[in-house]
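Heads up: the sequence lines are chains A and B, in that order. Reading the first sequence from the start, the letters are residues 0 to 315 in numbering that gives the first Met the number 0. Reading the second sequence from the start, the letters are residues 0 to 315 in numbering that gives the first Met the number 0.
Simulated from the structure, these hints should not be mistaken for lab results. Mixed in with the good hints there might be a few duds.
[Claimed, not checked] 16 Å max Cα-Cα, derived EDC-like pairs, lysine to aspartate or glutamate:
#: 1; chain 1: A; residue 1: K44; chain 2: B; residue 2: D181
#: 2; chain 1: B; residue 1: K105; chain 2: B; residue 2: D181
#: 3; chain 1: B; residue 1: K44; chain 2: A; residue 2: D181
#: 4; chain 1: A; residue 1: K105; chain 2: A; residue 2: D121
#: 5; chain 1: A; residue 1: K303; chain 2: A; residue 2: D281
#: 6; chain 1: B; residue 1: K140; chain 2: B; residue 2: D277
Remember, predicted model here, so these are calculated numbers, not experimental data.
Number of protein chains: 2
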Amino acid sequence: MSHLERSMSNDPLKSWSDGVTKSAILNFVSRVTAEGTRDFVPHAKRIAVFDNDGTLWPEQPTYIQFVFAFDRVKALVPEHQEWRTRQPFQAVLEGNVEALVALNEKGLREIITATHSGMTTDEFSAIVTAWLATTKDKRFKRFYTELVYQPMLELLAYLQINGFKTFIVSGAGQDFIRVFADKTYCVPPEQVVGSTTATQFQVQNLRPVLLKMPSVEPVEDGPGKPVAINRFIGQRPIFAFGNSDGDKEMLEWTGAGIGLRFMGIVHHTDADREWAYDRQSDVGRLDKVLDEANAKGWTVVDMKRDWNVVFPTEAP
Amino acid sequence: MSHLERSMSNDPLKSWSDGVTKSAILNFVSRVTAEGTRDFVPHAKRIAVFDNDGTLWPEQPTYIQFVFAFDRVKALVPEHQEWRTRQPFQAVLEGNVEALVALNEKGLREIITATHSGMTTDEFSAIVTAWLATTKDKRFKRFYTELVYQPMLELLAYLQINGFKTFIVSGAGQDFIRVFADKTYCVPPEQVVGSTTATQFQVQNLRPVLLKMPSVEPVEDGPGKPVAINRFIGQRPIFAFGNSDGDKEMLEWTGAGIGLRFMGIVHHTDADREWAYDRQSDVGRLDKVLDEANAKGWTVVDMKRDWNVVFPTEAP
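With the sequences and hints as input, model every part of the structure.
The following block contains the structure:
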């Protein structure tokens, strides 16, 4: 059963526990879709934006795209023997966790650039597809596309059948997310916004291709998210979901529009079923935005309390 | 009657003369929408891209956005007295056509930057809206949004009711086109791709805004169009329409996909009703692509022959 079909059963959010969080979502959607009322929003303006890492799938102990990049370094080392003695590649090859955790943005960007360029866009998609089909998360022993949050799949589907256009707005790689977003989230490529490498149009063997180049065109977390929303979407969302301080400005930008708005945050509170982290975490820190959410009445999902089920594989 | 309603009457392309061009369009759409056949394309992959200037509305004697920018220079001169004696602004203020025609890219960019930055995105939209509502084309004495091509409106609507997602991919200003594309073409903001200024997220009087900054993020004509299609859409179009050598790579990129494709070109051949220009024109030169279209069997619209009607105001 697809998540769309599941959501059309009686309870569109059946992996959500009854309570204030679920009620807030149902109430918002019911109000903005009630024709003839003050809160009604026409289809074309039902724009919903979601962060990806930590909002739709896990980001601990490190971002899944970094796991991919590290695996690519290992796969490519036969063609790059110099990496064995060169940082940051050496740390990846030796599995030096401390060195990896300490990687600064420059080091990470070097790894991302080295593993995400030098091939055509089609070749890159094929590499990601193959990796996703064969690589399991170390803790959960599942493919990453099986580790998307079941309640969020239901939420996406619920918005989609209510005429929302659902977008992903991520600081992570657009080309990476696009590979699985369509099948996994029912979010087509044109509704995935994220960082990418520059591409160059070339004709190879009489066939035009786009070659991924070693320079990054970032969508920055924080203020970069409303900037990207304006650049790629050009409409202010009425619904936004994030999980970290990197989503602050996206949530504020959404909230500053006229009319009814929904701002939601996933608070990772469940170390048993997923992970528990917030103000002190290096990955996905949720600190300022937690205070702001409480002050402004944004909806905070308490994963432990609000989600009956975390991953689709546990779905009843 | 909206152009959507009009298109749903018996002949969806009634401003198109019967002949090979019209047949080629009807034949393509009928084949890719015929379920169960080899040529069938599912809705999600029916991506159509259109150039704007010269393809959906006129670009002679100069781009409409340049007329806007020149008018803005005149409107802003009280706050910029230094422009009276400084090029390229002086040429604009003195209506020095020769100097304007001779403007190089740097000069044009200076004018665009000066007139398209320093305000919020909302303020810029309001400025463009007001200008479009009050400014008429010198030759045709009509508002610019009345000078969109009636046959192309019918084509857009025909594709839209056949499940295509129609995009505009232009080297011109995204924020400018988005102001009228929704109402005029039924193309929503998120389906308009073009150049823009960088924006900066700021909080003004407790309210977040996006401020347009004096630096350009271009979508370059030529190879930049497939690059932008990949960045913003992430799917290869099956249908593309342009009118100049600047659309060459977009048409080639579309044509290189697997399965049935449609590549179309507007050839401006009607000096009486609109304009006639091609290989020698500085604006919208159609030279290499005309040869390539003939060699590859792309569809070339002969405006004089193929269009019964050019502008909506003449529509019967």
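Comparing the hints with the structure gives:
This hinted pair checks out: K44 of chain A and D181 of chain B have alpha carbons roughly 12 Å apart, not beyond 16 Å. For the given pair, K105 of chain B sits about 31 Å from D181 of chain B by alpha-carbon distance, which is inconsistent with the 16 Å threshold. A hinted pair counts as satisfied when its Cα atoms are at most 16 Å apart, and K44 of chain B with D181 of chain A qualifies at roughly 12 Å. Distance hint between K105 of chain A and D121 of chain A is unfulfilled; the C-alpha atoms sit about 27 Å from each other, more than 16 Å.
Restraint check for K303 of chain A and D281 of chain A: the C-alpha separation of about 21 Å exceeds 16 Å, so the hint is violated. A C-alpha spacing of about 24 Å is found between K140 of chain B and D277 of chain B, which places the hinted pair above 16 Å, so the restraint is violated.
Going down the numbered hints, you'll see the structure goes against 2, 4, 5, 6, while the others check out.
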